[in-house]
Structures are given as structure tokens and as C-alpha cells.
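Numbering (the working numbering), first residue to last: 1 to 94.
If you're looking for bench data, these hints aren't it; they were derived computationally from the structure. There may be inaccurate statements among the hints.
[Claimed, not checked] Each pair of labels, with its calculated beta carbon distance range:
(1) Arg37 / Arg70: 37 to 43 Å
(2) Ile76 / Arg21: 28 to 34 Å
(3) Ile80 / Val22: 22 to 28 Å
(4) Met73 / Asp6: 34 to 40 Å
(5) Leu23 / Phe89: 21 to 27 Å
[What the hints assert, rightly or not] Distance condition first, Cα-Cα at most 20 Å in a straight line; then the derived SDA-like pairs of lysine to any residue:
(6) Lys56 / Ala17
(7) Lys11 / Val84
(8) Lys56 / Ile82
(9) Lys39 / Leu86
(10) Lys39 / Ala50
(11) Lys56 / Phe46
(12) Lys56 / Gly78
(13) Lys56 / Met73
(14) Lys56 / Leu13
(15) Lys56 / Lys39
(16) Lys11 / Leu23
(17) Lys39 / Ile82
(18) Lys11 / Thr53
(19) Lys39 / Val81
(20) Lys56 / Ala26
(21) Lys56 / Thr79
(22) Lys39 / Ala27
(23) Lys39 / Ile87
(24) Lys56 / Met16
Even glycine gets a Cβ: it sits at the ideal position worked out from N, Cα and C.
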Amino acid sequence: MGEIIDFFTSKSLADMASDPRVLFGAAVLFILAVLFRWKYVLLFLFATGATMTVLKFTGGGGSSDIIVDRSMMLFIGGTIVIAVVLIYFLFIRD
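All chains, full assembly: derive it from the sequences and hints.
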């Protein structure tokens, strides 16, 4: 148990998102959530995966103001899309 806690505390979020063990665990959790119809687990996996994807695509801004503005607009748009999907599945669709 101590090794697992050390693993989570020693890595950054970006390193953990690309670690094969974490990806395998997320895939197993996704399959179990689909089989057992765990709606909240699926929404949590969607939110974390989509947020990591948005951060990956907006993290490479350079020194130009145009690139920073484009990255900021992509981040805002991606976050709004994630929020709309979560609101739809949590509150509207039942």
C-alpha cells in the first residue's frame, strides 16, 4: 500500500496520465462501469479524460499573443463543452 501512495505522490498529473499502469486501471474501471452501468463513474472518467485532453492541446503556447489567445479560447471552449455534457447527463437526461 505504501508503494501505491509513493507512486501517486511522486508523479505529476501529466506523468500519471501517460503511465501505462494508470491507463490500464482506467480502462478496467471504464469496462466495469459500462458493465455495471455506473453513471457517475463514467461521467468522472469522461470529465478527467476530457480535461486532460484539453490541457494537452492548450499547453504548448509560445511567446506570441496570437498563440496564447488561441490556446485560451480552445481551453475555454473545451471546458464549456465538458461542462455542458456533464450537466446534460447529471441533471437533464433521466
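Now the hints, each set against the structure:
Under the hint 37 to 43 Å, the C-beta atoms of Arg37 and Arg70, about 39 Å apart, fit the expected range. At about 32 Å, the CB distance of Ile76 to Arg21 agrees with the hint of 28 to 34 Å. One distance hint, 22 to 28 Å for the beta-carbon pair Ile80 and Val22, holds here, with the actual separation near 27 Å. The hint said 34 to 40 Å for the Cβ distance between Met73 and Asp6, and at roughly 39 Å that hint holds.
The supplied range of 21 to 27 Å is met by Leu23 and Phe89, whose beta-carbon atoms lie about 23 Å from each other. The straight-line distance between the Cα atoms of Lys56 and Ala17 is roughly 10 Å, inside the 20 Å bound, and the hint therefore holds. Among the hinted pairs, Lys11 with Val84 is inconsistent with the structure: their alpha-carbon atoms are about 30 Å apart, more than 20 Å. Among the hinted pairs, Lys56 with Ile82 is consistent with the structure: their alpha-carbon atoms are about 15 Å apart, no more than 20 Å.
For the proposed pair Lys39 and Leu86, the alpha carbon gap of about 11 Å is at most 20 Å, so the pair holds. Only pairs whose Cα atoms come within 20 Å are accepted, and Lys39 paired with Ala50 is accepted, the gap being roughly 16 Å. With a C-alpha separation of about 15 Å, the suggested pair Lys56 and Phe46 falls inside the 20 Å cut-off, and the hint holds. Between Lys56 and Gly78, the direct Cα distance comes to roughly 11 Å. Compliance with the 20 Å bound is thereby established for this hinted pair.
With a C-alpha separation of about 14 Å, the suggested pair Lys56 and Met73 falls inside the 20 Å cut-off, and the hint holds. Taken as a hint, the Lys56 and Leu13 pair is honoured in the structure, with Cα atoms around 11 Å apart against an allowance of 20 Å. For the given pair, Lys56 sits about 26 Å from Lys39 by alpha-carbon distance, which is inconsistent with the 20 Å threshold. Taking the CA atoms of Lys11 and Leu23, the gap is near 14 Å; set against the 20 Å cutoff, the hint holds.
Restraint check for Lys39 and Ile82: the C-alpha separation of about 16 Å stays at or below 20 Å, so the hint holds. Between the alpha carbons of Lys11 and Thr53 the distance comes to roughly 18 Å, so the proposed pair stays at or under 20 Å and holds. With a C-alpha separation of about 18 Å, the suggested pair Lys39 and Val81 falls inside the 20 Å cut-off, and the hint holds. Distance hint between Lys56 and Ala26 is fulfilled; the C-alpha atoms sit about 18 Å from each other, no more than 20 Å.
Straight-line distance between C-alpha atoms of Lys56 and Thr79 comes to about 13 Å, which keeps the hinted pair within the 20 Å bound. Simply put, Lys39 and Ala27 have alpha-carbon atoms about 15 Å apart, close enough for the 20 Å limit, and the pair holds. For the hint pairing Lys39 with Ile87, the CA-to-CA distance comes to about 13 Å; that is within 20 Å, so the pair holds. A C-alpha spacing of about 13 Å is found between Lys56 and Met16, which places the hinted pair at or below 20 Å, so the restraint holds.
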